[in-house]
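2 protein chains.
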Amino acid sequence: MAEPEAIIALDRIFKARSVAVVGASADPAKLGFMTLDSIVKGGFEGPVFPVNPKAREILGLKAYPSLKAIPKPVDLAVIIVPARFVPAVIREAGQAGIPGAVVLTAGFREAGRADLEDELAAAARTGRVRFVGPNVQGINYLPNKLCAMFFPVITARGPLTVITQSGSATAGLSEWAVREGLGVNAAVNLGNQADLTDSDYLDYFAADQTTGVIALYLEGVCQGRRFLKSALAAAAVKPVVVLKSGRSAAGRQAAASHTGALAGRHQVFAAACRQVGLEVAEDLTSLFDRAKGLAAIKPPKGNRLLSISTSGGMGGLAADEAEAEGLSLPPLPEEYRQSLKAESLSPLSNLSNPLDLGYVKVEAFGRAALLADRHEAADVILLNLGDPVPGAVEAALELGRSLKASLAVSYLGGGEEEERARFALNRAGLAAFPSPERALRGIGAAVRAADFKRRRGGERPALADWTPPTPGRGGSTRLLTEPEAAALIGDFGLGYPEHRLARTAGEAAAISAELGCPVVLKIVSPAAAHKTEIGGVMAGVATPEEARSGFETLTGRLRNHRPGAELAGVLVCRQAEEGLEVIVGGTLDPVFGPVVMFGLGGVQAEALADVAFRVAPLERTDAEEMIREIKGFPLLSGWRGRPPADLEALAGVVRAVSRLMTERDDILELDLNPVRVYAHGALPLDARIVTAGK
Amino acid sequence: MAEPEAIIALDRIFKARSVAVVGASADPAKLGFMTLDSIVKGGFEGPVFPVNPKAREILGLKAYPSLKAIPKPVDLAVIIVPARFVPAVIREAGQAGIPGAVVLTAGFREAGRADLEDELAAAARTGRVRFVGPNVQGINYLPNKLCAMFFPVITARGPLTVITQSGSATAGLSEWAVREGLGVNAAVNLGNQADLTDSDYLDYFAADQTTGVIALYLEGVCQGRRFLKSALAAAAVKPVVVLKSGRSAAGRQAAASHTGALAGRHQVFAAACRQVGLEVAEDLTSLFDRAKGLAAIKPPKGNRLLSISTSGGMGGLAADEAEAEGLSLPPLPEEYRQSLKAESLSPLSNLSNPLDLGYVKVEAFGRAALLADRHEAADVILLNLGDPVPGAVEAALELGRSLKASLAVSYLGGGEEEERARFALNRAGLAAFPSPERALRGIGAAVRAADFKRRRGGERPALADWTPPTPGRGGSTRLLTEPEAAALIGDFGLGYPEHRLARTAGEAAAISAELGCPVVLKIVSPAAAHKTEIGGVMAGVATPEEARSGFETLTGRLRNHRPGAELAGVLVCRQAEEGLEVIVGGTLDPVFGPVVMFGLGGVQAEALADVAFRVAPLERTDAEEMIREIKGFPLLSGWRGRPPADLEALAGVVRAVSRLMTERDDILELDLNPVRVYAHGALPLDARIVTAGK
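Top to bottom, those sequences are chains U and L.
Going by this note's numbering, the first residue of the first sequence is number 1, and it counts up by one from there.
Going by this note's numbering, the first residue of the second sequence is number 695, and it counts up by one from there.
Chain U on its own, in the form it takes in the complex:
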């Protein structure tokens, strides 16, 4: 959970009442100048102390030769001296009793100087100095007018807090927020995170009163599970959007098992974030639009959208994007249509959803929206403006105050009128976007966040209380035999076709008679990890006599393919009934630890990688959601007249795998492939489990 010390430290950093800039320079080309200049231009109201042994005054401020020489208390040291001097400066800060620092200087771990970074961190620990960085653009905390960042100087306040691993993303997102009228609450650049980390910032800004929404740009996380806990706690109190780069690297990692090969880290990251209630963005523009929607659209009560437009085109584009965002555009209630007709709108109007008012004045928008609200036609209303609409700002703000439904604005093709209005609306806290598709990304985010809160309410996923074990997972691994694997999943409540191990052909015949034919014969040998590849499986064995000869055939194939291989025997299994096949698997993600995978069985599903992931342990809702998430889900829900699959039983299998992966920390990989799903029940037909150890 949150580390109170880190939160207190960050509070002292962001709310510092006095700041020293070590490495301040009078040369406008230097970062030491730019940063001091930003602090001054940002309007910081406390004392600012440039530290530079060679200067007497910089930017009209008295300079000091060292931190110690400053005669007044300093809350925050902003450091921009060359890397090799930074540890000494931190040491001095500790000695001077300065509690916090922002180390802008680069040239540490990222430049091959991990030693210098370790020295810096050690000096900070000794001196009890908590710090941001090193290798950062800086911080900007607008409630304190503290812009300790060499670029850009942002002073327009708003709800957006930006936490990023890229200075350019910090600057870009902040500037977009200013240009669009949204405004910024805080911006912080993560840098090397030698002390304070992603999770600390998330904890801090979750509690920060003036933060309305948190936008994260990440290239990775320091500790997967801690990040999820912080994200879960943050998302419970305010919206969080995340963009992670590295999508294109996904799927490159080689892995032994089927499940492992599909566990591209990026997909797991996105799934984990959604699992704790974060909104996941696909690119920077979408990160910004989704953050704006989350900051400035009242939490929608559902996913029903009404687009009100003067432009059929804009309405159509909104509808297209709405589908992609999982929103519905329900038909207009008949009473609403009737009341609209009574309004004597333009003859060019089209009374459907999207609603096209034809060419009208702003008042018609207002009436159409208010009537929609009265008839409960939608949970979210999009004012989809596609021409200059004088008076749009006042009308939209008035609607924002009076509507029960949530409201957002798209404004396009309205010239300077449009630019002014968009800015004014965002400034006033009503989300306005420059195109229908961008509006829909913001609306989609708002709908999903509200939906998550409704569904998950007070419920806190168990993963928040789960601590990853640290077993000695390096070194040797072992593939369980099939009977061992079947027994293990049996311990976790999963069924398996009735089976016994035959050590001789005679035993195979006897067991098959006992179980009742048809049976399936499967070779059991540590040398046959992938049984089918050596023809080690024989299905539809119809008589004990066939079982006897089948035993000889399979053991013969093993001898052919793997001469001298150890033979444990042949597993005789009662043949299960036909049914739809799915895969349920578990693997260890390098960042988040145990994860569970679900997908349809068969080579096509594998080739199309139509699979869903969740971080274990899964709650019931997680299991249900991941089953519904795959594109092939319709096959499970009564495809072309087939009986629907028993989704509850299937969710039970998924959750059993989750428990297994969580409770048994020696499991490296697990594949139940296939699991047959019936109208009643679900049954694993094969189990492949790799454990750590010999």
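Possibly wrong hints are sitting among the right ones.
Unchecked claim - A few chain L positions that, by computed beta-carbon distances, are all more than 10 Å from chain U: (1) Pro767; (2) Gly821; (3) Arg824; (4) Thr849; (5) Arg1031; (6) Gly1080; (7) Leu1106; (8) Gly1210; (9) Gly1229; (10) Gln1269; (11) Thr1315.
What the hints assert, rightly or not - Which bits of chain L does chain U cover? Going by a derived footprint, with three or more residues having C-beta under 8 Å, they are: (12) 799 to 811; (13) 976 to 987; (14) 1119 to 1133; (15) 1185 to 1199; (16) 1233 to 1247; (17) 1337 to 1348.
It should be emphasised that the hints constitute simulated quantities derived from the structure, not laboratory data.
Values in this document were obtained by computation on a predicted structure and should not be read as measured data.
Backbone N, C-alpha and C fix where the C-beta goes; we use that ideal spot for every residue, glycine too.
Based on the hints, put chain L in the right spot on chain U.
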């Protein structure tokens, strides 16, 4: 092909030397004022004649009571009178010898007054007046400074020509082009297209010297095949991007056959556009970005991208998006790396691709790009700026002149410096984007367009010479029996398992002996359109004796399920070898006529709708491309050690279906499901064909 008369008419409209505005008004709230005002503000240099019987002068221009009263020649009548007066005005224009008109007035077909629109069209034909509209925002042709559009007034010239079915899209795209520095060549709003249509505009602007790129926003097309011909001809001489709304309506149409059900019109539209070399955009922002890339990025020689950045983050985001756009980021050639090292870059640099220069001055960007060019490291270089970079404009323009590789700029997080620079670069004809992902959409478009030209060069898809027949396709339809269907596809060169029709059980036994067992038995009856649903197929029939009893079983099932059904017999087919199954189908798209579908066989592929479409007739390249287009293609190309499928044979089946759909205009639906594809050869195992007529 292009209609010369329409092109000449449009030339006279866009290049009109004198304009009358019928319905000009002195009331600033009226469109009749706004349009006249736009013409004046647009800087039109010829005479402008307001026509309004109640006014003597409007906006300082002498007003006339009617078109006939104008004492000088008029080239173009811009009409904004109420709909009921429009036919009379057009009649008058014809009498006055005015060759062209733009009818802004709405209230025709779109408002239920098709009669009035027909009257208008007839009057125009009689008077030999060609016209734009009705129901349009207007036209803007900047080379003639003719802004006959009630909104917006755009005067910043550039390469972009916008043709849209939405006034808001026209205005929005034009304004974006102006704000970003790209500039506009022409904008035209399609409206109801009662005379001049989408294809006419496409033909005209393809030939228009000052158009650099055409951006289309469509909600449909007037004539599918003519549109494709115009698009093909246009794309051969200049880039064209298209956005079509209605994606979310796709797949809603019910259809009898499997292929029909998957032929969502939107997917067919996108496939058809790509087939003729158009770039397809997914939303308005992407339409704009792709158009910008096509206008202002030199045609790339290949798809190898190098991103040069000072920001690891921006590089990573560019790489993510590059993959989505089908670009590769190859590793840096070793000699290039060495030469970069010799440049003594920042110690923070990361010499891979994306290339991160650390924090450097603009000169380093230039050197890195020039060295990349010398070592032929990439086909496209993205200057991926993520901080204020003074001098970036001059440096980028110089690179644009000297590089062999194509060049584009992403500029983000650079404050006012960035905004100015992006504008200046676009103004100077070098594509500059506000984020890496948006840059990649432009680059992706440029790469695909250049690739299409290279691959298709002078080759003109046969579909340009194909004229859709107009058979009496309404009314009754007929399902061919399987032997008939097999014979028909045989006429087009396709194989089928050897088969004979058995009319008795004895014949079934005899035929199976003759063909050689195992055989497959299939019921043949007009009452069993879907054989498997009534258990009408029996595979693996091992002996003539089994065939004899199988005949009785199948005919029994038919009697059970369809009492009294006519029985043609039982088809005895030699059983084909196992193999991967695919579907090849044909259907009639309501817009484009015969189209061909390809996908993997099986219920999963169907549920995931992983299929590709092409408009028939297909060339070899089309067939090859559509096979490679499906997500499941890896299954055909040697999945997990299997032998690769015979793609040439498969392409042959696809093209045979294309010929069949093209040459036989009575075929409504055709499904070859499955087609087995082997390492050598491909064989349809079932054929279902529905024809028009009894």
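Evaluated hints:
1. Pro767: Per Cβ check, L/Pro767 is outside 10 Å of chain U; nearest 33 Å; holds.
2. Gly821: holds, 27 Å
3. Arg824: holds, 25 Å
4. Thr849: It holds; L/Thr849 is separated from chain U by about 13 Å at its closest Cβ, greater than 10 Å.
5. Arg1031: Correct as stated: the minimum Cβ-Cβ distance to chain U is 17 Å, above 10 Å.
6. Gly1080: violated, 3 Å
7. Leu1106: violated, 4 Å
8. Gly1210: Label holds. Min Cβ-Cβ 24 Å, cutoff 10 Å.
9. Gly1229: holds, 15 Å
10. Gln1269: Holds: least Cβ distance 18 Å, greater than 10 Å.
11. Thr1315: Non-interface label on L/Thr1315 holds, nearest chain U Cβ at 24 Å vs cutoff 10 Å.
12. 799 to 811: holds (count 4)
13. 976 to 987: holds (count 3)
14. 1119 to 1133: holds (count 4)
15. 1185 to 1199: violated (count 0)
16. 1233 to 1247: violated (count 0)
17. 1337 to 1348: violated (count 0)
Violated hints, in rising order: 6, 7, 15, 16, 17; the structure is consistent with all others.
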